[in-house]
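Peer 1: Residues per chain are reported as follows:
2 protein chains.
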Amino acid sequence: MPNYEHHVFVCSNEREETAARPSCGHERGKRLRDALKDAAKAAGLKHRVRVNQSGCLDQCEHGPVVVVYPEAVWYGFVQPDDADEIVREHLVNNRAVERLRLPESCVNVKSCPHKQA
Amino acid sequence: MPNYEHHVFVCSNEREETAARPSCGHERGKRLRDALKDAAKAAGLKHRVRVNQSGCLDQCEHGPVVVVYPEAVWYGFVQPDDADEIVREHLVNNRAVERLRLPESCVNVKSCPHKQA
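In order, the protein sequence lines correspond to chains E and G. Using the numbering used here, read the first sequence as starting at 1 and increasing by one per residue. Using the numbering used here, read the second sequence as starting at 1001 and increasing by one per residue.
If you are wondering where the hints come from, they were derived from the structure by calculation, not from laboratory data. A quick note: this is a predicted structure, and the numbers were derived from the prediction, not measured. Beta carbons: idealized from backbone N, C-alpha and C, even for Gly. Do not take every clue at face value.
The list that follows gives simulated cross-link-like pairs (lysine-lysine, BS3-like), each with its CA atoms no further than 25 Å apart [stated by the list, open to error]:
1. G:Lys1041 to E:Lys30
2. G:Lys1030 to G:Lys1046
3. E:Lys46 to E:Lys30
4. G:Lys1110 to E:Lys110
5. G:Lys1030 to G:Lys1041
6. G:Lys1041 to E:Lys46
7. G:Lys1041 to E:Lys41
8. G:Lys1046 to E:Lys115
9. G:Lys1046 to E:Lys46
10. E:Lys110 to G:Lys1115
11. E:Lys30 to E:Lys41
So the derived list for chain E, only partly shown, Cβ under 8 Å to chain G, looks like this [to be verified]:
12. Asn3
13. Phe9
14. Leu45
15. Ser54
16. Gly55
17. Leu57
18. Glu61
19. Tyr69
20. Gly76
21. Pro80
22. Asn108
23. Ser111
24. Pro113
25. His114
26. Lys115
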């Protein structure tokens, strides 16, 4: 199996508290990555799915942020408690978790309902 | 433009020198990420392409390793000098750089011609 069925990237970028934009956070990102990794392993997905930390994914107002490739599904405001649902629904059953999904109107746009003016 | 046309992840995992498997390396990964970021910016790809560092991509014997999504093209043994070619050929012209591409027989397999017995 040459490619991962799903490759999950969890932002763990940390900005200073005084920065103009918020950030997902190093520790928060790590905890979320660990929760997703553990849930994926428990679901028997080792070697089929990979979960990685990443640098800033630039959707900072929606953090903690996760993106899943190759399907390019973006999740925002994700908590470690959401890991089981993401793994079960998305990574096992190939159904994106709509309640956590970032709408297209929020991904890579200069303004969206979540951004402060 | 809701999704990145190409999302590039550069492994920057660092293992101790005595580890059983090699690693892409934090500093090497960062230099490569910077070279790719600079080349992408110079090519006018800002906001259309994103280049990120990532944790261990688990293709450790082929490092420094890069993966480009959503097309899931894997590159191995990538050097900062390769950044311009990857950006020009792959990210601008949508032609994978075959000389750097990891063959399927190397991606996510237990053994390949590059792995020591």
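Peer 1: Can you verify the interface hint for E:Ser111: is its Cβ closer than 8 Å to any Cβ in chain G?
Peer 2: 14 Å, violated
Peer 1: Taking 8 Å as the limit, does the beta-carbon of E:His114 come near enough to a beta-carbon in chain G?
Peer 2: Nearest chain G Cβ about 15 Å off; hint violated.
Peer 1: Holds or violated: G:Lys1041 and E:Lys41, Cα atoms, limit 25 Å.
Peer 2: Roughly 37 Å separates the two Cα atoms, so the pair is violated.
Peer 1: Between the alpha carbons of G:Lys1030 and G:Lys1046, is the straight-line distance 25 Å or under?
Peer 2: 18 Å, holds
Peer 1: Should the hint that E:Lys115 touches chain G count as held when the rule is a Cβ pair under 8 Å?
Peer 2: Result: violated, 15 Å to nearest chain G Cβ.
Peer 1: Between G:Lys1041 and E:Lys30, does the CA-CA distance stay at or below 25 Å?
Peer 2: 29 Å, violated
Peer 1: How about E:Ser54: closest beta carbon in chain G under 8 Å, or not?
Peer 2: Check passed: Cβ of E:Ser54 comes within 5 Å of chain G, closer than 8 Å.
Peer 1: Please verify that hint: E:Gly55, Cβ, nearest Cβ of chain G, below 8 Å or not.
Peer 2: Result: holds, 4 Å to nearest chain G Cβ.
Peer 1: Going by Cβ atoms only, is E:Glu61 closer than 8 Å to chain G?
Peer 2: Violated, because the Cβ-Cβ distance from E:Glu61 to chain G comes to roughly 15 Å (cut-off 8 Å).
Peer 1: Taking only the CA atoms, is the gap from E:Lys46 to E:Lys30 under or equal to 25 Å?
Peer 2: OK: E:Lys46 and E:Lys30 at ~18 Å, within 25 Å.
Peer 1: Check whether the Cα positions of G:Lys1110 and E:Lys110 lie no farther apart than 25 Å.
Peer 2: 44 Å, violated
Peer 1: Measure nothing beyond the straight line between the CA atoms of G:Lys1046 and E:Lys115; if it is 25 Å or shorter, mark the hint as holding.
Peer 2: Judged against 25 Å, a Cα distance of about 20 Å means the pair holds.
In summary, the structure is inconsistent with hints 1, 4, 6, 7, 9, 10, 14, 18, 20, 21, 23, 24, 25 and 26 from the numbered list given earlier, while agreeing with the others.
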